[in-house]
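Asker: Please put together the full structure from these sequences, using the hints given.
So the protein lines, in turn, are chains A and B.
Note that the first sequence ends on residue 164 in our numbering; no numbers are left out.
Note that the second sequence ends on residue 261 in our numbering; no numbers are left out.
Source of the hints: derived by calculation from the structure; they are not laboratory data.
Check each hint, because a few of them may be wrong.
Within a straight-line C-alpha distance of at most 25 Å, the following computed SDA-like cross-link-like pairs (lysine to any residue) qualify [what the hints assert, rightly or not]:
1. Lys-126(B) x Leu-20(A)
2. Lys-104(B) x Gly-219(B)
3. Lys-126(B) x Glu-73(B)
4. Lys-126(B) x Pro-115(B)
5. Lys-85(B) x Glu-73(B)
6. Lys-85(B) x Asp-140(B)
7. Lys-126(B) x His-24(A)
8. Lys-104(B) x Pro-217(B)
9. Lys-104(B) x Glu-258(B)
10. Lys-126(B) x Gln-147(B)
11. Lys-126(B) x Leu-106(B)
12. Lys-104(B) x Gly-213(B)
13. Lys-126(B) x Val-19(A)
14. Lys-104(B) x Asn-88(B)
15. Lys-126(B) x Leu-52(A)
16. Lys-85(B) x Tyr-220(B)
17. Lys-126(B) x Leu-36(A)
18. Lys-126(B) x Leu-21(B)
19. Lys-85(B) x Met-257(B)
20. Lys-126(B) x Pro-53(A)
21. Lys-104(B) x Arg-215(B)
22. Lys-104(B) x Glu-142(B)
23. Lys-126(B) x Val-25(A)
24. Lys-126(B) x Leu-254(B)
25. Lys-126(B) x Thr-31(B)
26. Lys-126(B) x Ala-237(B)
27. Lys-126(B) x Ala-73(A)
28. Lys-104(B) x Glu-87(B)
29. Lys-126(B) x Leu-72(A)
30. Lys-104(B) x Ser-78(B)
31. Lys-126(B) x Ile-107(B)
32. Lys-126(B) x Ala-67(A)
33. Lys-126(B) x Leu-136(A)
Beta-carbon label-pair distances, calculated as ranges [said to hold, decoys possible]:
34. Glu-95(A) x Leu-17(B): 37 to 43 Å
35. Ser-14(B) x Gly-131(A): 18 to 24 Å
36. Val-126(A) x Arg-133(B): 26 to 32 Å
37. Ser-14(B) x Phe-157(A): 36 to 42 Å
38. Gly-214(B) x Pro-53(A): 49 to 55 Å
39. Arg-92(A) x Leu-17(B): 26 to 32 Å
40. Leu-212(B) x Trp-32(A): 32 to 38 Å
Glycine is no exception: its CB is placed at the ideal position from the N, C-alpha and C atoms.
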Amino acid sequence: MNPANGGWLILLSLAAAMVLAILHVPESWPQWLGWLRPAWIALVVFFWVMELPHRLGLISAWVIGLAADVLLADPLGLNGVLLAGITYIAWRFYERLRMYSVVQQCGVVFLLVLGSELMRALVQDVAWSRGWSWGLVAPALMSMLVWPLVYLVLQRFRLQFRVE
Amino acid sequence: MLAGLALVSAILISLELTTRLLEPVRSVIATVVSPLRFIAQSPYRIGDEVGDVVATRQMLLERNELLERQVLELSNSSLQLLNLKQENQQLRELLGSQARVADKVLIAELVGVVPTVNTHQIIIDKGVNAGVRLGQAVIDSEGLFGQIVEVDQLTARVLLITDVSHAVPVQINRNGLRSIAAGTGRMDRLGLENVPISADIVQGDLVETSGLGGRFPQGYPVGYVDAMVVEPTASYAQVSVRPTALLDRSRHVLVVMEDSE
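Answerer: Next up, the structure:
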């Protein structure tokens, strides 16, 4: 993930994803809207690993996770292992994933985000007895819905700046 | 490789949940990522600024009038306070107990909200540099707000009293009955724990911090009792308390700095 050869674009997109991930719902709006937040960081990491598996590895995904832990007030290491899991699957199957249609990719995104949200809820429940709710399906659904948009935008920038 | 990272994560998570070893690491990372927090909060800041600029004369006049009325009311009650303080001091001397020192406070502004829906935490714009320390109590103009759970150089994270993982030792102002007020995950409700069904609590009682446990200073209002429900088969009464602090509205909060002599 060195800044040369378009590494800055990867870093910039990750920073943007983190800002989107911590933007909060205005106080005057209904707070349940907060459940509808897609897993922006996971989507961006998934995109870069799928397109450029040699640029973003497990360790960098884990380090990105550390920053996410602090921003989202999760225990250190939690987002790291979740992102590393997503990275592993994207890296293992990137040739197949690129061949998939958008609808199939959306399905994969849904399953990956659902899995990581389940893991997160499990750890939070053990750590702080936060409890369970069906709300954890919402980020997976929303991530699935915004994936085509994320893909188009990032792919366009990637091709324009020839990041390889 | 993945298994190795999972193991490292598991060790980090369990270390963090049981010890305070990782706090310096967290605060270093928090300092690094704090620009992102400021960016995420900027739409609201810009909104506030624009609101100030485009405020009409009429709005400003109304606001000014409101503030003047508040100043009058407050200065009136502070006159009485001086009197009461002295009387209290004398009574304490008569009883031979120690005089209470006034707490010093630090004004902080809200610069972010932890976005996860099932947790109630905010970010304030004062950190180690301003003297904020872990565990300090945070209040707003109406009552107890929360406590500091993470500090970096420029910001700090506050766990609100309504978060499900938060609890604070309290007493009923009217009769001194002690209890624990635990967060319920809802912004408008706390629950008192282990209240016997015979306890003398009625709707409207003021609940304040008891100072037991040493983390929160004594005597700050926490909330008013909303309802006490006694189910015939239960061994404890269910008491719900409405927090006095404006947990979802306050833009400015006060960090209580304990005086170390």
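Asker: Does the structure keep Lys-126(B) and Pro-53(A) at a Cα separation of 25 Å or less?
Answerer: violated (41 Å)
Asker: Holds or violated: the 18 to 24 Å window for the beta-carbon distance between Ser-14(B) and Gly-131(A)?
Answerer: holds (20 Å)
Asker: Just to be careful, I want the Cα atoms of Lys-85(B) and Met-257(B) compared with a cutoff of 25 Å; is the pair within it?
Answerer: Distance ~21 Å between Lys-85(B) and Met-257(B) Cα, so the pair holds.
Asker: Holds or violated: Lys-126(B) with Leu-36(A), Cα cutoff 25 Å?
Answerer: Violated, because 30 Å separates the two Cα atoms, which is more than 25 Å.
Asker: At the C-beta level, are Leu-212(B) and Trp-32(A) separated by a distance inside 32 to 38 Å?
Answerer: Check passed, 36 Å falls within 32 to 38 Å.
Asker: With a cut-off of 25 Å on the C-alpha distance, tell me whether Lys-126(B) and Val-19(A) pass.
Answerer: holds (20 Å)
Asker: Holds or violated: Lys-104(B) with Arg-215(B), Cα cutoff 25 Å?
Answerer: Since the Cα atoms of Lys-104(B) and Arg-215(B) sit roughly 15 Å apart, the hinted pair holds (cutoff 25 Å).
Asker: So does Ser-14(B) sit 36 to 42 Å from Phe-157(A), Cβ to Cβ?
Answerer: holds (40 Å)
Asker: Cβ-Cβ distance between Arg-92(A) and Leu-17(B): within 26 to 32 Å?
Answerer: Holds: the Cβ-Cβ distance is about 31 Å, inside 26 to 32 Å.
Asker: Hey, Lys-104(B) versus Glu-87(B), does the alpha-carbon distance stay inside 25 Å?
Answerer: holds (22 Å)
Asker: Would the pair Lys-104(B) and Pro-217(B) pass a check requiring their Cα atoms to be no farther apart than 25 Å?
Answerer: Within the cut-off at roughly 11 Å; holds.
Asker: Compare the distance between the alpha carbons of Lys-104(B) and Asn-88(B) with 25 Å, and conclude whether the hinted pair is satisfied.
Answerer: Between Lys-104(B) and Asn-88(B) the Cα gap is close to 19 Å, so the pair holds against 25 Å.
Hint check: violations occur at hints 3, 15, 17, 20, 26, 33; the rest are consistent with the structure.
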